[in-house]
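Peer 1: What follows is each chain in one-letter form.
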Amino acid sequence: MNINEMKSKHNLLKDFSYELGEIEKGYTNRTLYVNLSNNEIKEKPVTQLMKDKFIGGKGFGLKLLWDATKPDTKWDDPENEIIISPGPIGGITQYAGAGKSLVVSLSPLTDIVIDSNVGGYFGPFLKFAGFDALEIQGKAKSDVIVIIDGKNGTVRIENAPEEAINSHILAEQLTDMYAESENKKNFVSVVSAGLAAENSHIGVLNFSFYDKKRKKVRLKQAGRGGIGSVLRNKKIKAIVAIADGIKPNNVVDIDAIKECGARFNKEIRELDDDQCRMRKEGTAHLVEIMDDYDLLPTNNFKYGSHKDIMNIHSSVWRSKFTQGVFDGCWIGCTMACAKAVDGFELKTGPYKGDKVIVDGPEYETVGGLGSNCGIFDADHIIEANFYCDTYGIDTISFGTLTAFLMECYEAGIISKEITGGLEFTFGNKDAAIELMHQMARGEGFGVIAGLGIRKMKAFFAKEYGADINFLNDIGMENKGLEYSQYVSKESLAQQGGYAMTNKGPQHDEAWLIFMDMVNKQIPTFEDKAEALHYFPMFRTWFGLMGLCKLPWNDVEPANNAETDEPGKVPEHVQNYITIFNAVTGLNIDNKEMIRQSERVYNFQRTFNIRRGYGLRKHDAQPYRAAGPVTSEEYESRSDRYDKQLLENIKVNPEGKTTEEKVAILREYKENMYEQLLDAVYNRRGWTKNGVPTVAHLKDLGMDLPEVLEIVEPLQ
Amino acid sequence: MKTITVNEISLKWEENMNINVILKRMNYTFRMLVVKVDGKLIKKHEYESTVVSPGSDVKVIHLISGG
Ligand code: SF4
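Going line by line, the protein sequences match chains A and B.
Here the first sequence is numbered in this note's numbering, starting from 24 and rising by one per residue.
Here the second sequence is numbered in this note's numbering, starting from 1275 and rising by one per residue.
Honestly, the hints are just simulated from the structure, not real lab data.
Just to be clear, a hint being listed does not mean it is correct.
Capping the alpha-carbon separation at 30 Å, the derived lysine-lysine pairs in DSSO-like fashion look like this [to be verified]:
#1 A:K289 x B:K1318
#2 B:K1314 x A:K543
#3 A:K258 x B:K1333
#4 B:K1333 x A:K591
#5 B:K1310 x B:K1276
#6 A:K330 x B:K1286
#7 A:K666 x B:K1333
#8 B:K1298 x A:K303
#9 B:K1317 x A:K666
#10 B:K1317 x A:K289
#11 A:K330 x B:K1298
#12 B:K1298 x A:K343
#13 A:K289 x B:K1333
#14 A:K239 x A:K452
#15 A:K591 x B:K1318
#16 A:K303 x A:K32
#17 A:K289 x B:K1286
Anything over 10 Å on all C-beta distances counts as not near chain B; from chain A, calculated [stated by the list, open to error]:
#18 K370
#19 H460
#20 F537
The C-beta atom is built at its ideal place from N, Cα and C for all residues, glycine as well.
Hey, can you work out the whole structure from these sequences and the hints?
Peer 2: See the structure below:
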C-alpha cells in the first residue's frame, strides 16, 4: 500500500487549532495536554512556580506526572502519562548537544517514575510548535497517531490502521507522509516503538531525525524503563511533530552562547582525535578500555574482560561505521557521535535479506548484546541492535536479562524444556536473536523474558523451585531496572552510583569507577558521599535543560589538567552556566546550578516514596554488583580477592576453602555498602531511611505542601 | 628493590623509567589522563622525556567519559 492510500484510511478523531506563538527566553510558557480516552486536547499554562522549582525537561515531566496520577496508579492504567519535554536550552543550535528530550512515565519494570533522555529532532520541534512539554494521558480504542503541526498550529488525533508498527518502516512512512516535499523531510520527527515493545515491559521510544546526506530516517532511543511499552499500551502508533523551520529561542544574549559554542567546536576539531574519538567511533571507543580495566561485563557481570575482545574492539566499529558524514543527533552538535552502519544485510527475522541502516552500536549496546552474553561477534551485535531498535526494545535491558537467562540455564535453573528449545549457553547468539524475535511475535519464552529480570526471578522461584537467594544475587537489577554495562565490583562508590539512583541502575547519574577504583581520589566514606552528591546533582541538570551530557566531558579543553578539579571540567561547567543565563536572562552560579537539580532530585525521591518505594531497602543491590557470588568467580581473580581478605579484613586466606573466603568477603562488602548508604544519605540531607528531611527541603525551597505531606510522617 | 608509587600501588622502579613506560606497566590505556609526579603536572608532550626517580609518587588521574 502506498503512502496516499494509507493516509486515506486515517479517521480523524479530533482536530485542535491553536495560536503558534513565540519562544521567549527558552520557554513557550505552555504545555500541550492530549487525552486519548476522550480525545480531549488543550493547552495548559506553565506557571512561574513550575519554572522556578522544576526548570523544565525532566522537572516538568515529574511535576505533570505527579499531578496527573494517584499513588497507586499502575503503568497500564489510562491515567498514566508519557511526558516529553525539551527544557529551556533545548533547541538552540549554537552549542553542541542541545537537542535532547526528557521522557517521563510510570515504568512497567519498576512501578516508579522512569526518566529517559533521547536525541532526535522531536523535542526541539515540539518547542518550535509552541509547547514546553507534551503530556499524553488516556488510552485509545485502536491504533492512533498524534500529529503536532507546528506549521499550521493544529494538533490532530487520527486512527491509523495501515501503517507498520516497527519503527524503521513506520518512521519512514510518516516522514514521507507529513513532509511537504523531499527537501523538507528534515522538518518532520516521529516518536514510535515497535512490536516487541507491545509484547514486553522493556519497550523504548524511537525519536527520529531525517539524515539529508544519507537520505535516510535515523532513530535515537529513549531506552530505559519500558516507556515504549506504555506507548503501545495506549495504542499509540506514533507521535509526529512537524516544524516550520528552525525557530529562535529568543534568548537574552546570543553572542555569549555563540562564543561558548565557537570555543567548544575548536576543542572538538583540534582535540577529539587524540582524546575520545567521538566523531569516528562514538561511545564504542570505550569497549577495549573497559576490558583493559576489567570493567567490561562478561557472562552476566561475572567477569570484566575476555580473550576475544579484539572481535569487538573499537577499530572494528570504526571500520563498520560510515566515516566522513555528519552524525549529530541535533543540529549544531559537532561532537557528532551518532554513528551508523550503512547497507547492513540482515541475516534473520522478518527483514532477512534487507539492507538497512543501523544506528550505533554504542558502548552499552556492545556490552549488553555482546560481551555480557559472552558473544564476541560484531555482525551479530549490529543485527541485534537493529532489531532492538525497530522492535522498540532497550538494548541494555535486553542484554542484561539475556545474560541472566544464560547464567540460569548454565546453572540448571531453566532447561530446554522450559525455554521451548532455546539453549541459553553463554555465547549462543542464535538463541539470543531468536528470543528477540519471539518477543516481537509475542510468543514462547520471549514473553516471559520480556517481563524483565525482577519478574522472571519470582516466576522461576515459584514455577521451577529455583533458589530465590541465588537469583537475587545474580539477577542484575535494582528497583526492577536492569543494570547498564559496567562492572562495579571494585568500586564501592559506583555501587552507590548504580543502586542509590532514583530510577534504577543507569550510569547517567554517576560514573565514578575511575575516580574511586583507579585514581583512589575518594578513599573515605565522606569523599565517596560527596561524589555521590555532586555528580548525580550535576548530571541531573542536563535533564532539566534539554542537554546532552557527552559534550561536557568526552572532550576537554587543552588546559583542563591545570585546573583545580579536572574531573569536573570546570570550563565546560562555566559554559553551561553562561548559556543558561544567556537563554533565560537569569543569573545563576555553579552553586545554584546544583540546587536547581537538588530540588528536582528530592522531588523525584519523594515521588517514589509517595508510591510506596524510595526508602533504604529499595537501594539494596544484587551481590553480583559488589563481589563474587560463586567460587568460580572468586577463583578467576583469586589474587585480588585474597589480597582484599588479607589487607582490608585482616584475614589470612591460607587454608580456607573458596566457599569460606567468598562468605567472609561478602560480609565485609555488604557492611561497606551499608556504611556508604549512611554517608550518602547524610550528605544528601536524608534520614537514615533515605527520606528527605524537612529541614533540607526547606533549605532548598522545595518544601511544597504536597511534598511535606509525604515526608513529614517519615522523619 | 627500588620502587615508585603509582596511584598508591607500589611499582618496581626501572632505569630511564618515563611516564609512557609507567602507563604501559600499569596497563593504563585510557586517553583522558592527568599525570602528576610528586605534585608536579606533566603535560602529554612531556611523557617521554620525564624520567622518574626511585621513591617518586606518581598520580595518574583518569577523567570520566562515556554515556
Ligand atoms: S554528543 Fe552525540 S548523543 Fe550527544 S547530542 Fe551530540 S550526537 Fe547526539
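Peer 1: Does the claim that F537 (chain A) lies off the interface hold, with its Cβ farther than 10 Å from every Cβ of chain B?
Peer 2: 4 Å, violated
Peer 1: Since H460 (chain A) was said not to touch the interface, does its Cβ keep a gap of more than 10 Å from each Cβ of chain B?
Peer 2: It holds; H460 (chain A) is separated from chain B by about 27 Å at its closest Cβ, greater than 10 Å.
Peer 1: If we take the beta carbon of K370 (chain A), is the closest beta carbon in chain B still more than 10 Å away?
Peer 2: 28 Å, holds
Peer 1: Next pair to validate is K1317 (chain B) with K666 (chain A); report whether the Cα-Cα distance is within 30 Å.
Peer 2: Given that 30 Å is the threshold and the Cα spacing comes to 34 Å, the pair is violated.
Peer 1: Taking 30 Å as the top limit, are the C-alpha atoms of K330 (chain A) and K1298 (chain B) close enough?
Peer 2: 19 Å, holds
Peer 1: Holds or violated: K289 (chain A) with K1333 (chain B), Cα cutoff 30 Å?
Peer 2: 29 Å, holds
Peer 1: Measure nothing beyond the straight line between the CA atoms of K1314 (chain B) and K543 (chain A); if it is 30 Å or shorter, mark the hint as holding.
Peer 2: The hint holds at about 18 Å.
Peer 1: Please verify whether K1298 (chain B) and K343 (chain A) have alpha carbons no more than 30 Å apart.
Peer 2: OK: K1298 (chain B) and K343 (chain A) at ~29 Å, within 30 Å.
Peer 1: Holds or violated: K258 (chain A) and K1333 (chain B), Cα atoms, limit 30 Å.
Peer 2: It is violated: about 56 Å lies between the C-alpha atoms, which goes past 30 Å.
Peer 1: K330 (chain A) and K1286 (chain B) were given as a pair; does the straight-line alpha-carbon distance stay at or below 30 Å?
Peer 2: 27 Å, holds
Peer 1: Could you grab the alpha-carbon distance between K303 (chain A) and K32 (chain A) and see if it respects the 30 Å cut-off?
Peer 2: Judged against 30 Å, a Cα distance of about 43 Å means the pair is violated.
Peer 1: Would you check the hint for K1298 (chain B) and K303 (chain A), treating anything up to 30 Å between C-alpha atoms as holding?
Peer 2: Holds: K1298 (chain B) and K303 (chain A) sit about 25 Å apart, inside 30 Å.
Violated hints, in rising order: 3, 9, 16, 17 and 20; the structure is consistent with all others.
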